[in-house]
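*Asks:* Chain by chain, the residues run as shown.
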Amino acid sequence: MTHEAWATVMVVLPLLAAAAAFLLGGRWAAWAGNLAAPVLVAGAAVLALAVGRGEEVRHALGGWGAPLGIEWRLDGAGAAMQLATALVGWGVALFATGYEPHGDLERAPGRFWPPFLMLWAGLDALCLSADVFNLYVALELIALAAIVLVTLEGKAAAVTAAMRYLLVAQVGALCYFVGVGFLYGFGTLDLTQLGAAVRPGVPATLALALMTVGLMAKSALVPLHVWLPPAHSAAPSPASALLSGLVVAASMLVLLRLWAAVFDAVAGEALKQAIGALGVASVLWGSLLALRQERLKPLLAYSTVAQVGYLLLLVPLGGAAGAWPGGFLLLIAHALAKAAMFLAAGLILEALGDDRLPSIHGAARHMPMTVFALGIGGLTLMGLPPSGGFLAKWLLLGAALESGQWWWALALLAGGLLAAGYVFTILAHAFKEASDAPFTPVRPWMEGIPLGLAVVSLLMGLAGAPLTALLEAGAP
Amino acid sequence: MDTMADAAPIFAVAGALILVVGLFGVFDRPDLLGKIIALNVAASGAFTFLIGSAPVDEGGGPDPVLQALVLTGIVISISVTAYALSLLRRVADEAGRTTLDDEPEAGPEESPEESPEESPEDGGAEGIRDA
Amino acid sequence: MNWTGLPPVLIVLSSLLPGIAIFFLAEERTRLRVALNLGGAVLKMALTILMLWGVWRGQRFEFTFALLPGADFVLRIDALALLFVTLSSTLWLVTTVYAIGYLEDSPNRSRFFGFFSLCVTATVGIAQAGNLLTLFLFYELLTLSTYPLVVHRGTDAALDAGRVYLAYAVTAGAVLLAGIAWLYALAGPFDFAAEGGALAHVEREHRTALTAIFVLLVGGFGVKAALVPLHGWLPRAMVAPAPVSALLHAVAVVKAGAFGIVRVVYDVYGQTLAVDLGVTTPLAALAAATILYGSLQALRQDDLKRRLAYSTVSQLSYIVLGTALAGPVATIGGLVHLVHQGLMKITLFFCAGNLAETLGVHKISEMDGAGRRMPWTMTAFTVAALGMMGAPPVAGFVSEWYLGVGALAAGQGWALAVLLVSSALNASYFLPILHRAWFVERTAPWPHEEPARSGRLETSLSLLGPAVLTAALSLGAGLLAGLDGSPLGWSRFIAAQEFPL
Numbered sequence: 007m008t009h010e011a012w013a014t015v016m017v018v019l020p021l022l023a024a025a026a027a028f029l030l031g032g033r034w035a036a037w038a039g040n041l042a043a044p045v046l047v048a049g050a051a052v053l054a055l056a057v058g059r060g061e062e063v064r065h066a067l068g069g070w071g072a073p074l075g076i077e078w079r080l081d082g083a084g085a086a087m088q089l090a091t092a093l094v095g096w097g098v099a100l101f102a103t104g105y106e107p108h109g110d111l112e113r114a115p116g117r118f119w120p121p122f123l124m125l126w127a128g129l130d131a132l133c134l135s136a137d138v139f140n141l142y143v144a145l146e147l148i149a150l151a152a153i154v155l156v157t158l159e160g161k162a163a164a165v166t167a168a169m170r171y172l173l174v175a176q177v178g179a180l181c182y183f184v185g186v187g188f189l190y191g192f193g194t195l196d197l198t199q200l201g202a203a204v205r206p207g208v209p210a211t212l213a214l215a216l217m218t219v220g221l222m223a224k225s226a227l228v229p230l231h232v233w234l235p236p237a238h239s240a241a242p243s244p245a246s247a248l249l250s251g252l253v254v255a256a257s258m259l260v261l262l263r264l265w266a267a268v269f270d271a272v273a274g275e276a277l278k279q280a281i282g283a284l285g286v287a288s289v290l291w292g293s294l295l296a297l298r299q300e301r302l303k304p305l306l307a308y309s310t311v312a313q314v315g316y317l318l319l320l321v322p323l324g325g326a327a328g329a330w331p332g333g334f335l336l337l338i339a340h341a342l343a344k345a346a347m348f349l350a351a352g353l354i355l356e357a358l359g360d361d362r363l364p365s366i367h368g369a370a371r372h373m374p375m376t377v378f379a380l381g382i383g384g385l386t387l388m389g390l391p392p393s394g395g396f397l398a399k400w401l402l403l404g405a406a407l408e409s410g411q412w413w414w415a416l417a418l419l420a421g422g423l424l425a426a427g428y429v430f431t432i433l434a435h436a437f438k439e440a441s442d443a444p445f446t447p448v449r450p451w452m453e454g455i456p457l458g459l460a461v462v463s464l465l466m467g468l469a470g471a472p473l474t475a476l477l478e479a480g481a482p
Numbered sequence: 823m824d825t826m827a828d829a830a831p832i833f834a835v836a837g838a839l840i841l842v843v844g845l846f847g848v849f850d851r852p853d854l855l856g857k858i859i860a861l862n863v864a865a866s867g868a869f870t871f872l873i874g875s876a877p878v879d880e881g882g883g884p885d886p887v888l889q890a891l892v893l894t895g896i897v898i899s900i901s902v903t904a905y906a907l908s909l910l911r912r913v914a915d916e917a918g919r920t921t922l923d924d925e926p927e928a929g930p931e932e933s934p935e936e937s938p939e940e941s942p943e944d945g946g947a948e949g950i951r952d953a
Numbered sequence: 005m006n007w008t009g010l011p012p013v014l015i016v017l018s019s020l021l022p023g024i025a026i027f028f029l030a031e032e033r034t035r036l037r038v039a040l041n042l043g044g045a046v047l048k049m050a051l052t053i054l055m056l057w058g059v060w061r062g063q064r065f066e067f068t069f070a071l072l073p074g075a076d077f078v079l080r081i082d083a084l085a086l087l088f089v090t091l092s093s094t095l096w097l098v099t100t101v102y103a104i105g106y107l108e109d110s111p112n113r114s115r116f117f118g119f120f121s122l123c124v125t126a127t128v129g130i131a132q133a134g135n136l137l138t139l140f141l142f143y144e145l146l147t148l149s150t151y152p153l154v155v156h157r158g159t160d161a162a163l164d165a166g167r168v169y170l171a172y173a174v175t176a177g178a179v180l181l182a183g184i185a186w187l188y189a190l191a192g193p194f195d196f197a198a199e200g201g202a203l204a205h206v207e208r209e210h211r212t213a214l215t216a217i218f219v220l221l222v223g224g225f226g227v228k229a230a231l232v233p234l235h236g237w238l239p240r241a242m243v244a245p246a247p248v249s250a251l252l253h254a255v256a257v258v259k260a261g262a263f264g265i266v267r268v269v270y271d272v273y274g275q276t277l278a279v280d281l282g283v284t285t286p287l288a289a290l291a292a293a294t295i296l297y298g299s300l301q302a303l304r305q306d307d308l309k310r311r312l313a314y315s316t317v318s319q320l321s322y323i324v325l326g327t328a329l330a331g332p333v334a335t336i337g338g339l340v341h342l343v344h345q346g347l348m349k350i351t352l353f354f355c356a357g358n359l360a361e362t363l364g365v366h367k368i369s370e371m372d373g374a375g376r377r378m379p380w381t382m383t384a385f386t387v388a389a390l391g392m393m394g395a396p397p398v399a400g401f402v403s404e405w406y407l408g409v410g411a412l413a414a415g416q417g418w419a420l421a422v423l424l425v426s427s428a429l430n431a432s433y434f435l436p437i438l439h440r441a442w443f444v445e446r447t448a449p450w451p452h453e454e455p456a457r458s459g460r461l462e463t464s465l466s467l468l469g470p471a472v473l474t475a476a477l478s479l480g481a482g483l484l485a486g487l488d489g490s491p492l493g494w495s496r497f498i499a500a501q502e503f504p505l
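Protein chains in written order, with our numbering: chain A, 7 to 482; chain B, 823 to 953; chain C, 5 to 505.
The hints are simulated quantities; they were obtained by calculation from the structure and are not laboratory data.
Computed from a prediction, not measured in an experiment: that's the story for all the values here.
Where is the CB? At the ideal position from N, CA and C, for every residue including glycine.
Any given hint might turn out to be false.
What the hints assert, rightly or not - Simulated restraints, written as ranges between beta carbons of each label pair:
(1) A:Glu275 x C:His205: 25 to 35 angstroms
(2) A:Thr446 x C:Glu454: 30 to 40 angstroms
(3) C:Ala421 x A:Ala475: 27 to 37 angstroms
(4) A:Thr8 x B:Pro852: 48 to 58 angstroms
(5) A:Trp413 x C:Ala30: 47 to 57 angstroms
(6) C:Ala70 x B:Pro852: 50 to 60 angstroms
(7) A:Leu468 x C:Ala25: 13 to 23 angstroms
(8) A:Leu55 x C:Ser466: 47 to 57 angstroms
Said to hold, decoys possible - According to the in silico footprint, chain A covers these stretches of chain B (three or more CB under 8 angstroms from chain A):
(9) 887 to 897
(10) 904 to 917
Input sequences plus hints: build the corresponding full structure.
*Replies:* Given below as structure tokens:
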């Protein structure tokens, strides 16, 4: 199959599968997802290999190219994100199949699949999009699917969190939309063409402000993070894995692409430093709040706020060598690790009936594989070797020091220490011996899924050279 | 056609104003229905603003690309509104209220994950949540 | 890749793969677990012996893998690496036998032995690391794999000790990473090189930066090496099972810290640059302070394992002192003490574990008459304790002799005085133990005698054997120090490369 055909499959197949899951309903819906998932993993791998080899993957829908038509173009960052999406998506599909009759999904048999597959289609479309309006449509598709996923658990906390998420996401989207209008004043919507056409001035500055704020709200960066922890902890665990791992990363991907292609040339140094400072605020504040949590899922959700903060450092670090691949390495390593940890949290919920930290005492004895998954995923959050998170941190540290902005290096190190604080809080509780905690055994193959995802995030640490080569493809 | 081009700045200014009013409503209205309507008002303002500030071609005609964008935006806005309204029903059914306020039934065991954001030092985005 | 890249990787894998396999073993598959453990340990020993022969003949073994553009993962076997590899493979084999006996019938053994193997993997990785980045990688892996061992029992005390250990070790890791990243930004990627070749190209105007980086690196390694005031975690980690203490104190953790400092001084900065920057004298002073402080604290402890822990704090700094004195003879003393201290201290901890496991004795005040009840254990203990005091012909004497002569040769007579005072302090906290054990009559019953452990021998063979073996090795290393193949002979071989005459 040609690359164009694969690119089409990546978006159309999950949409078809979503429709099938919706029509079939009930237990059959799982089949639609599980049949589509391996194909999508294969497609993402084929495309990533092609991009990594330096081949152009582009596809003008209906034969109309930019600026009038819609053109899909896959850069290294998009290909890597698509691959991470596929791996997390496959893991979640397998997991949800076994998890559906239990835990926090039992109130909605079959209803998980249509929004999940819609989300997958939206994420793939976002990775392939090369113009600012296409990105907007993909973002909206992702947001709607994500909101539906939050509501699945069905209780008051979940629907309220979903409502708050919807309002924030829509205000953010509106800001972004108006920004698109301003950018169109430069005569094109294509990211690359915009980079050449954009001139500093009031329209560019307004676009920058509106789009940055809108995307920061969607990515839950401090101080616009308040909606995320309730939404991500109220969602069923497989959905939390998608939300924390991928959805937040998607709007970050758009933000970073925009800055790299368009805004970097428009913004002043002080503004870039200020945005970097907001990132640091996210890292520190998110981590501190994670440390204060008494339940596993909210802890993981606050950790997402912290991890996303690191990515804003790409704005001030700009063109420094290593910053771009480092940032995206962090993005995909975090996606895999955080998804693994949320799935593990789901298993703990199922086995122990509760995710309050004192309730997970003895988990290391009852379900060692799941605690392992939490620990290995935690390595990436802490940025400790040999995980993918470590390589990312190493690259970002190098970029900060070599561009003379050593203060970001301090923030990276401090964030790692705080992450160690909350990761080991979880592990210490899990290692503590409990005398007679009620324990429902979980199926071993389901324990293998979070462990598998966590191990992939770990092994990324050994694939640093090919991954950076991939991420550098089409990088600014 | 000239009238259209002449009126454009008025549309742009009016649209911007409506957008600001709508956004203010999203933050200010306590009830969810009000917030959803305000969101629609804001969206309409954004669309009007974009049409009004669009570049005009030689013949004085409107720009087709921007028209397409706004049309897409309207479609998305309608579907989001429809979904938001149905979600509002779920909130009313499950939580027994039509605001985002969690106070009535939030005991310490019921929703501890909500507690950190209630702390006063956790600033920002509080507009979305009602005071 | 030619075959010379293979042995370093195999040495790492020989404990990594069995370790991973052990994690997945069901708890009751004792035989298979023992087979995997011992198989890995014996294989590692065999590979090590092969490497010793190769390196002695001048062969170099190196494995390189690009982690990132400009950041290589390098495993290299040189003489210094082999000194540490040999120590840790030998002691791992012994400790594995001991741990199998010690943990008979206790829960979570698969998890324990899995992390145990990972811990040794990290240690041989540290030993063979060919540059700072690789060293850091394994250094962090060591922290991560020892944490579950420290908290193994899952009690509140264990978890507290684990938390303190982590707080020190993770912070140290961050400090170390800062230093390494800074050095890479300043000097570009570089590998370890003898005689300070690594930083030769760095401009002299970066002196302040180089000094600051030295402080960061030594601070990072100093936590594991338990340099005062970074030693607080070590005595608290005593709640861990005895094989873990042996691991922490002799095989892996503290050794990794000391080894890191040795690498930084010799193979990153080089002693010429280090002396030129004026960083060696403060380091030597810090080491001397640690030696005295550790001994003084040891005197005050009644808990046997705590006394041994403070003794480790003190003895470890002999290695650092030898390094910081920056002369050929002192270097030999420091390096050889890396091995000698390991042999003697592991013996002491095995013996302490035997006493606790067989008789329930944890405190020195409970040791009256222990020599009669457990003569083999206490003989081993006595040999090692005498070595710690520096009494000939046990190995400890050899290290202290070289350190003392090295101090004089480097024109730092005060260091000799420190060593003499420390020996006296060692004597004053070990001799009372020996006195109680051998010469005081037992009047009270033992605190908690374990019937399952007493048979034909004074305790289980798997507990007694390792202790006696390591005591014999400590004695042998002292008696046969003149041979080329002894730890001393090998240290001279290393020093000859660092200080070509």
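*Asks:* Does each hint fit the structure? Answer for all of them.
*Replies:* Hints versus structure:
As the Cβ distance of glutamate 275 (chain A) to histidine 205 (chain C) is approximately 32 angstroms, the hint placing it in 25 to 35 angstroms holds. The supplied range of 30 to 40 angstroms is met by threonine 446 (chain A) and glutamate 454 (chain C), whose beta-carbon atoms lie about 37 angstroms from each other. In this structure the hint that alanine 421 (chain C) and alanine 475 (chain A) lie 27 to 37 angstroms apart at CB is violated, the actual value being about 59 angstroms. For the hinted restraint 48 to 58 angstroms between threonine 8 (chain A) and proline 852 (chain B), the CB-CB distance of approximately 55 angstroms keeps it satisfied.
Checking the proposed 47 to 57 angstroms range against tryptophan 413 (chain A) and alanine 30 (chain C) shows it holds: the Cβ atoms sit about 51 angstroms from each other. Evaluation of the 50 to 60 angstroms hint for alanine 70 (chain C) and proline 852 (chain B) yields a pass: the beta carbon distance comes to about 59 angstroms. Separated by about 19 angstroms at the C-beta atoms, leucine 468 (chain A) and alanine 25 (chain C) satisfy the suggested range of 13 to 23 angstroms. Separation of leucine 55 (chain A) from serine 466 (chain C) is about 52 angstroms and conforms to the stated range, judged on CB atoms against 47 to 57 angstroms.
Under the rule that three or more residues need a Cβ within less than 8 angstroms of chain A, the assignment of the region 887 to 897 of chain B holds, with 5 such residues. Given a C-beta distance limit of less than 8 angstroms, the hint that chain A covers the region 904 to 917 of chain B holds, as 8 residues qualify and 3 suffice.
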